[in-house]
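Student: Build the full structure now, drawing on both the sequences and the hints.
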Amino acid sequence: LSGWDANMYSLATEPGANSVYFYPFGGPGVPYVPQATIHAAVASLGFTGAVGQVELDALMVSDRGAGSVWGSGDMIIFSIQAAANFDGGEIIVLPFGGPAAFLAHGGHLWNTAFNVGAAFGVTTEEIDGLEAEPPKGDFYWGGCKPDPDTCWLELETTCGDLGGTYIGHGTGCS
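According to our numbering, the stretch in the sequence shown is residues 1 to 174, in order.
If you're looking for bench data, these hints aren't it; they were derived computationally from the structure.
Take the hints with a grain of salt, since some may be wrong.
Label pairs and their in silico Cβ distance ranges [unchecked claim]:
| # | residue 1 | residue 2 | range |
| --- | --- | --- | --- |
| 1 | Ala40 | Tyr9 | 16 to 24 angstroms |
| 2 | Ala113 | Tyr9 | 27 to 35 angstroms |
| 3 | Ala119 | Gly65 | 33 to 41 angstroms |
| 4 | Gly27 | Gly107 | 16 to 24 angstroms |
| 5 | Phe25 | Asn115 | 17 to 25 angstroms |
| 6 | Phe25 | Ala50 | 30 to 38 angstroms |
| 7 | Gly107 | Asp128 | 17 to 25 angstroms |
| 8 | Ala119 | Ala36 | 26 to 34 angstroms |
| 9 | Ala84 | Gly107 | 20 to 28 angstroms |
| 10 | Thr124 | Ala66 | 17 to 25 angstroms |
The beta-carbon is built from N, C-alpha and C at its ideal position, and this holds for glycine as well.
Tutor: This is the structure we're talking about:
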């Protein structure tokens, strides 16, 4: 997808108090979003845990500015591991400069009240992966069409792929 970056990642245990890193191809990873920023985002949505309890579990990054700098126009969509009063099934949207919000999709908010396990028939609330994909018709043999007409949200848990659901229509699904 245009603007969504595969060179952004998170490491287990959030080393160096960073939650998101930028990987410049051919170089070492560079801190992109500090753990304290993620903590402030989830705390604004009711998370009662400490900064050290924030562990990213799922991540998508839209980097619209300088690749190694979290700044104007950038946005992340993420989930954290279950901790304190969050069950791991929350999906948070955080544009640079905030405010953070629970993802509104599928007729509900992806907050703690939404039961991921019951909705998808799995034994966990944890969301371990997020992916947005254009439908089959938006791919060319030579690569991905720059602005897909339709986006799908792909959810994965430790129990496996939960499948895709429609999340938007239009240029880049933004």
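Student: The structure should be examined with respect to each hint, and the outcome stated for every one.
Tutor: Hint check:
no., hint, in the structure
1, Ala40 / Tyr9: 16 to 24 angstroms, "holds, 21 angstroms"
2, Ala113 / Tyr9: 27 to 35 angstroms, "holds, 30 angstroms"
3, Ala119 / Gly65: 33 to 41 angstroms, "holds, 35 angstroms"
4, Gly27 / Gly107: 16 to 24 angstroms, "violated, 43 angstroms"
5, Phe25 / Asn115: 17 to 25 angstroms, "violated, 40 angstroms"
6, Phe25 / Ala50: 30 to 38 angstroms, "holds, 35 angstroms"
7, Gly107 / Asp128: 17 to 25 angstroms, "holds, 23 angstroms"
8, Ala119 / Ala36: 26 to 34 angstroms, "holds, 32 angstroms"
9, Ala84 / Gly107: 20 to 28 angstroms, "holds, 27 angstroms"
10, Thr124 / Ala66: 17 to 25 angstroms, "violated, 37 angstroms"
The structure shown violates the earlier hints numbered 4, 5, 10.
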